[in-house]
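*Asks:* Chain by chain, the residues run as shown.
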Amino acid sequence: MTTSFVPVLLLLIVAVGLGVVFLSLNWVIGRHQRTPSKLAPYESGVPLLDTNRKRVNVRFYQIAMLFILFDIEAAFLYPWAVIYRRATYGNAGMFLFGEMLLFIVLLAVGYAYVWKKKAFDWK
Amino acid sequence: MTQALLMRYLLWPLVKFLGAFIVVQAIVAAMNWVERRLLGLIQARLGPNRVGWHGLLQIVADPIKFLLKEDIVPSSSEKVAYFLGPMLPLIPTFMVYCLIPFGPPPMFIAARVNVALLLVLALTSTGVYGIILGGWASNNKYSLMGGLRSAAQMVSYEVPFGLSIVGVLMICGSLDLVRIVDYQANNAWNLFPQIVAFFIFFVSMNAENNRTPFDLPEAESELVAGYHTEYSAMKFAFFMLAEYSAMIVNSCLVTLLFLGGWTMAIDGKGLTTQQLVSMGVLGGIIGLAIFLTKMMFFMFVYIWFRATFPRFRFDQLMDLGWKWMIPLALGNIVVTGVFVLIGQERLMYWIGLATLGAIGFHIFRKPVPAVKAKTAHEVAHAS
Amino acid sequence: MSTLTKFSAIPYTGPAPTNREPYVPANVAQTDARGEEIAAKISNNALQQERGQDMPSFSVDRNAIVDVLTSLRNSGFTIPLDLFGVDYPRRSGGRFDVVYQLYSPQANERVRLKVRVAEDESIPSSVGVFKGYDWYERETFDMFGVKFEGHPNLRRILCHEMFQGHALRKDYDPAQRWLLTEQGVAKLLPKIDPKFENVDTDFERVTLNLGPSHPATHGTLRIVVTLDGETIIGADTEIGYLHRCFEKMAETHTYQQVIPFTDRLNYCSAIINNVGYCMTIEKMLGIEAPARAQHIRLMLSEFMRISDHIICIGTNLVDMGALTNFWYLFQPREEILGLVESCCGARLLPTYTRVGGMAVDAPADFLANSQRLVNMLPKFIDDVEKLIMKNRIFLDRVIGVCPISQEDALSYGFTGPCLRATGVPYDVRKASPYLGYETYDWDVPIADGGDTYARFLVRLEEMRQSLRILQQAIDRGLPPGPVIVDNPYVALPPKERVYNEMESLIYHFKLIMHGIQPPVGEAYFQVEGGNGELGFYVVSDGTKNPYRVRVRPPCFPIFEAYPQMITGQTIPDAIAGLGSLNIIAGELDH
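Protein chains in written order, with our numbering: chain A, 31 to 153; chain B, 1087 to 1469; chain C, 46 to 635.
Bound conformation, chain A alone:
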């Protein structure tokens, strides 16, 4: 039933509204006393030695990619997991189990490869 999602959408609007209202309220009644040093980026109270915009460590992207791979695998498992139990009552249980095992073995091979490539090592 798509209609049951209506409240969820509704709440999106409420949440955004609340956020904006509180932030504006803070902006209106909070004090404003700006000085250049207050608005400067904070680095332990001393002038910057280096720019703040640097290229980000490539490992973070690695992790992001690995996450997408493995999280999609997890998402694939959800529908399977939901129907698995009912399937075992019939005679499709063994088949479904084998499918899942195959899937996890494939996943494990990829996982082992990534491990061996030291993608999980940060030191």
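All clues given are correct.
Covered stretches of chain C (chain B as the covering partner; in silico rule of three or more C-beta atoms under 8 Å from a C-beta of chain B):
{"hint": "1", "region": "252–261"}
{"hint": "2", "region": "359–367"}
{"hint": "3", "region": "490–502"}
These are computed hints drawn from the structure, not numbers from a lab.
Glycine residues also receive a C-beta, built at the ideal position from the N, C-alpha and C atoms.
Using the hints provided, position chains B and C relative to the given structure of chain A.
*Replies:* What follows is chains B and C alone, placed relative to chain A:
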């Protein structure tokens, strides 16, 4: 007809949501006070005790203070992203409330959706955008490092978090949170057959919320305040609000998935949903009370952890997530699959119970003496 | 009126200190003989023995200093304790004395070298011999303007970039003030250089400030690190944010007035500083505090040591995210400070000792309160140990983190728990006992590895050993008698006598107006502070003001080694290591 639809899909959920919202916000505010008082108790000090009775009015004083504080926007920040930073994590955590059943349906659930669990997971995992955006927009090295660490940590633990639920789904066979709870009431808490999944879920949920021992993104001694270093006033409050709300959402989830939610029953005997619904309003209140008690226990554990553990180093944290939790979670799925296949689920309950007993025994047995420094005298006599 | 009869009006009959008399240390003959042996062993023509000092002393020609230091190091003097200047502006043949002090852990003896240098002359840098002399030479340059040839980075260390002149020169006006403006900061910036070897990686390097205003730098320190990914590949430190030139202030005050300044050195264990300073002056005066005062000094020193370690362990764990230990341990610390308060009315900065004894007697319930503390402390230590020492997260965070080898620790001049964590059992209380430490039964804890974990182990065990000493001290009880020497040239007479006797009034007036006047000479005395050897070197010209007071702050060389220790580690490790070193800014910056 339209009026009825309006009632059903607009007004009634709104009322329920506002109810849930107010209750949860009250809990968030109260948790702040509870956390500080409880930490005080554990750490042999007082905590806030000046505003109102036992410092209880601190709950009101803090938001007022946040409202009155100066909202500093650093001159070199990316203004739009800086504004979006605290907004983004707040929105999904608010939205999640309407999906969570706080008590027996239909009274305590704002929107009953058949894929509630999936939606909850999807919404909570969007919280990372705000943090990484806020960290990047601040144009500050500490913020950026905190934001990146946080992002890496959250996505890393998202995987075992998601995988650990698969076992529960295999046993309960539904993504509807109400059905999962009912299944547990009719059998036993998922904590027992899914003990491994429970611990993975629990650890991941601590990591997801950036709580000790996984509080690296805001590791104050290393990165000042992590991604919210440059944030002040209400924007800072939003980050805190989002963190505490996410803690509550996760405590609710673990209660629903592993501890039988609002029911208190084994094998269909005791306070099941039917039992509670048949008791009317009183049943609803009892169910709510049971649910809140279980949830508050996990909130307490959060605080307890914070008082007990030092924090991980980043590489150790990634090691734990990728090298331990994921294989364990996958193994758990296979083992659960085997047990379900051969129809020996009861055995899993006993194995889980035995494991819990073993852990308890390990905790309470006589401790091994810790390593001590040698004395110069001992060294001289040993050689 | 009630106490009038208690004091008899017997005038002081002991010797009066005669001004401008030279200071004669105890065991001069022995020291001189030992000096001859050392001189024979080194056999360097540039070495000339100076007799009549409190330790084997030599004057060295400036060009030969590196050779002499090298041969001394090779003959066992492996710890560079100190390097500092003394200014004699009216002297001919070189205005400054640059004093080197070394210690030999094997032979348990010290040696002092003096190099005379004129304003326009320079000394060859000895950084190549002892790593620890890097900062000491910079400090001497900063304070006196003495140049060290071949020093890799000879720039100011304690004073800021806009400071002009050299503060410890006698002709420098102590009232002079220099403001640091943004231009000065701009001048300083390019000089901070986290040196790193150019390793080839895929990452863009980031240079990051940690401190001075950072939650991990307890006190105001500044660490600049260059990161390659997550790893620190280069680090530099900047200190002096809390510099107030204690040594210059001491020169403009009387000997008694310096005592409050010593409180501010290591403010976590202030009484040990008081004791160290007062015992140095007592050594010069040739007097000894009464047994009762010594007993109180010893007990409070041990309590202060425990409190110092409590702060170190607590804040170190806070840096690692474990909050509870810090707050939990603050309870016994509060009690210890309460005990100090019951003695003298002040808590953190007590100024409790005086030259020749204590300011006031300890209260009647002092022993009972101490016993209560000694009974309660083991529980706290055990609890903290239980909470962390078997915690995998904690162990993973500290084992092998920020290690320093024994060789390097010696070369940098480490003392105290940080040195003992590398396996050198050097403790001043054992090596050259004072206050009667030799009569107590206790051990020096040591550990291997020199990492953060080892430092934890040593500090935890040291608290237990301090408790052992304290228990014995309590069992012995406070000896009866006065708490300050009966010498009106050193200690003020009691108020009742001042009000009622002519002599006492005059003595009181004389001591207030003219101060204590130690004999002419120089002396060095060391005590075991919370962080290691806390030494005071005092030069007296026979007047009421010290001619030169030099403090040897134990965490100065320890922090000097910090950049080396964190290179190759990650930021969280660096923070965990910093906490375990117990850097106290007040002591570090003099």
